[in-house]
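Given the coordinates of chain A, work out where chain B should sit on it, guided by the hints.
The chain contents come next:
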Amino acid sequence: MVERQAVPVRKSRFAHVPDDGAKLKMLHFMKLVREIEDRIERKLYRQGRIVGGVYVGRGQEAISVGTAIHMEKDDVVAPSHRDMGVFLMRGITPRRIIAQYMGRRAGLTRGRDGNMHMGDMDYNVIAFVSHLGDNVPVAAGAALAFTQRGEKRVALCYNGEGATSRGDWHEGLNLASVHKLPVVYFINNNAYAYSTPMELQMAIPDVAIRASSYGIPGEIVDGNDIVAVYDAAKRAIDRARSGLGPSLVEFKTFRMTGHSAHDDAGYVPPALFEEWQRKDPILRFEKALVDEGVLTPARIEEMQKECAAMIDDAVDWAEQQPFPAPEEVTRDVYYEGK
Amino acid sequence: MPVTTYLDAIKDGIWEEMEKDDRVFVLGEDVGIYGGAFKVTKGMLDRFGPMRVIDTPISESAIVGAAIGAALVGMRPVAEMQFIDFISCCFDQIVNFAAKCRYRWGAGVPIVVRGPCGGGVHGGPFHSQNPESYFFNVPGLKIVCPSTAYDAKGLIKAAIRDPDPVLYFEHKFLYRRIKEDLPTDDFVVPIGKAALRREGDDLSIITYGAMVYKALEAAEELSKTGLDVEVLDLRSILPLDEEAILATAKKTSKVIVLHEATMTGGPGGEVVARIAEKAFEYLDGPIVRIAPPDTPVPYSPTLEEAFLPQTRDIVAAARKLAAY
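Respectively, the protein sequence lines represent chains A and B. Per our numbering, the first sequence starts with residue 1, numbered consecutively. Per our numbering, the second sequence starts with residue 1001, numbered consecutively.
Chain B extracted, bound-state conformation:
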């Protein structure tokens, strides 16, 4: 079985859906001739032709607006943001058009807006963001943030098949660093279902995206001193898998919520609130959030390292919480 990178898993997922369903097409900046800035759409133009692999002007609003229009008349567009940071340019199309059509007038908008998010590659303030928080408060959207190659493929296929608009945030740090043997069958990963990455009894870390690996590193280190840490990978943040969140909180009674989006107004606050509301009596300590400070994502390696949650930060926070 061939080893597939996280990046190729995304590509393979889109490719397979395009082979199977004529309604599926991709559009975005440099996705055709160039194969995408990160090569997620490499080879698609040759295979599927210019009607299904569409190079667009630098126009995020037009890319998403056109995806919406095509979806309204029966297509299944997959719109690429060259960097997910640029999704702010089409915020209006996403939140006011795509997200509200079904509620307002019963029209489904089955689009996927996907693109590389996240830091750790010295991309600076405009090529490193995690903008899921902006959209987390928008009813009508779904948001997925895969961490493994399996999930990257299974979630892109689920997103393409989903009848509602899905924002698919792929972490660029994981593109070529994460790889695994993938089954050859036509699998999907259901949107809205978390995955337990490590079982433990003493403390839970609830996280998603690239931070899953920091959490696992921290858990490994903590295990050496006898602390048994559970790691829950949310995979989808809209909708949240509340059942899985409450289950791990009730099981370990001590919870850290970790993400790469900045602290204030990040999805972690909602996770904390649900645990506080629905599992308060199970808790043996405060729910702790670990997230970057409320600043733009800085460029210089020393600053970016200080900005991003590091394994040592998680270890220290876990030890403190365990001793509470």
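With the rest of the complex left out, here is chain A:
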């Protein structure tokens, strides 16, 4: 067993605390993420209305929401497969997202790709590829362009802890740190990469330790505490934007599902699910907001209904959208003009 290294952990007294408006916005988006993913995985997929693979981030909603809230319009983001909050917070509508999952032409990839493999440069969202860690040098490249042009933009890049075992992850971190690029690397450490636990993925207890080998800050954050996520993300993004270079921020969380909808996660000890259920980021934040007097339980119930109604609308709309025509299969491999 490797001894835990002395990586600075910020306990409390956050440098950046969200105001009430930001708190309500974050709660809304966390609930919207949970609602759209529950609908996708537990209803539409099981009913056969969505085909292929489905990967959700249940229990990890605080990470994508609490980080992406700091993005400026021109910032670029390269999410991974459990970062639904990024898409919604960038302004991509639930309608287009459900259409994407249903393989319709109105989806972000016009039926060419499924589920979280979606992006849209009009929203500065770079589409994820299944080859984990590939987005790490790509995000560095976007940040390089910002530096070259003297723009105060940043790139955000998300991965799970498993992706940090890939060479591209290392190559991207190394390049970004050598050139002090304005990019922030977020890690959703949800304890399992498919069925592989942390101790079979790496011989260190924390991904953040790896930051020291790139000469950049590495921080460990409670990924189920959105106020902590908000603070750590803000500091890392500010640092990048001010020209001080990349950071690595590791959010400790737990994947409250299998790897994908077809995986029952039988390899995860039930006690772990029970333990992490008590740390559910949404319930936890709701309780805090009620305790602070920012929200009432009745208002939370209303917010839930609002999210459900948005997803009802998205599903109805998406299902009315046409599938791509078979003859479109050969289109857009190369540029075909505007």
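Take these hints with a grain of salt, some might be off.
[Unchecked claim] In silico lysine to aspartate or glutamate, EDC-like type, Cα no more than 16 Å apart, as pairs: (1) A:K180 to A:E151; (2) A:K279 to A:D264; (3) B:K1250 to B:D1202; (4) A:K338 to B:D1164; (5) A:K25 to A:E306; (6) A:K180 to B:D1202.
By construction, these hints were calculated from the structure, which means they are not laboratory data.
This is chain B only, laid out in the frame that chain A set:
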């Protein structure tokens, strides 16, 4: 008019695009301070500065990945592989990221990945390869293999301006051996268009890269015995200039396909297949492939010479086919 080497033609092409377009920049190993292992980027750091001539760690995946990211936000990166052999390290970024973005989500990735390919300089198994075959089966990529200084310049400019990812394979044997007077105007060579290097009526050799010169040598020798050989230089292998391929096949009815990539799964097989499918009735003999054997590129001069197609091999194959 100054005589320009194949190598300087590449450099001049990149240089001119960088002068004209602020979005164009180069990145790679030793491209800045050192000016590139073969000096293709010599002088660029002084002229364009470290923001546009970027020395990177030994990280081909990061080089190409960063090029992709920069391209997605509006830049026109030219990524150098110090030897094109190292392109295998970034295979994934090229085939899964760069090549698929437009089809998947409509995002263009206008990058150029270029580097020295080819044998004949005793570089051994890791400094002599012709890896175009690996990428030939990847929709979304374009692949060019210039043989002349004119094409080297015209194709690098076309590649930089192209809205899609282009792999630019420059043959290191030609770097300083091939030179010509180049026009001073801003010319480009269109990607996907072959060039007829020699006209003939009896037999066609379809080839590209350094093998163009072997084909021309063979054609010259064959002409002494009355065999009139046509040589088609593909210049681009993805997309193939099918029109030019079928035209020469129909004209001479006897075709040799020649390349320096190894035989099995090489681009020549696709050329043969298209002729067989679309010009079969014009043929007066089997379509013949000449390519290295299915081995790594060997180092020792005797082995490398045996590996690479030689003029005498082409002459012998042509005589046999002509007599068919």
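Against the structure, the hints:
1. A:K180 to A:E151: 14 Å, holds
2. A:K279 to A:D264: With Cα atoms ~21 Å apart, A:K279 and A:D264 exceed 16 Å; violated.
3. B:K1250 to B:D1202: 11 Å, holds
4. A:K338 to B:D1164: Judged against 16 Å, a Cα distance of about 14 Å means the pair holds.
5. A:K25 to A:E306: Given pair A:K25, A:E306 holds - Cα atoms ~13 Å apart, limit 16 Å.
6. A:K180 to B:D1202: Given pair A:K180, B:D1202 is violated - Cα atoms ~62 Å apart, limit 16 Å.
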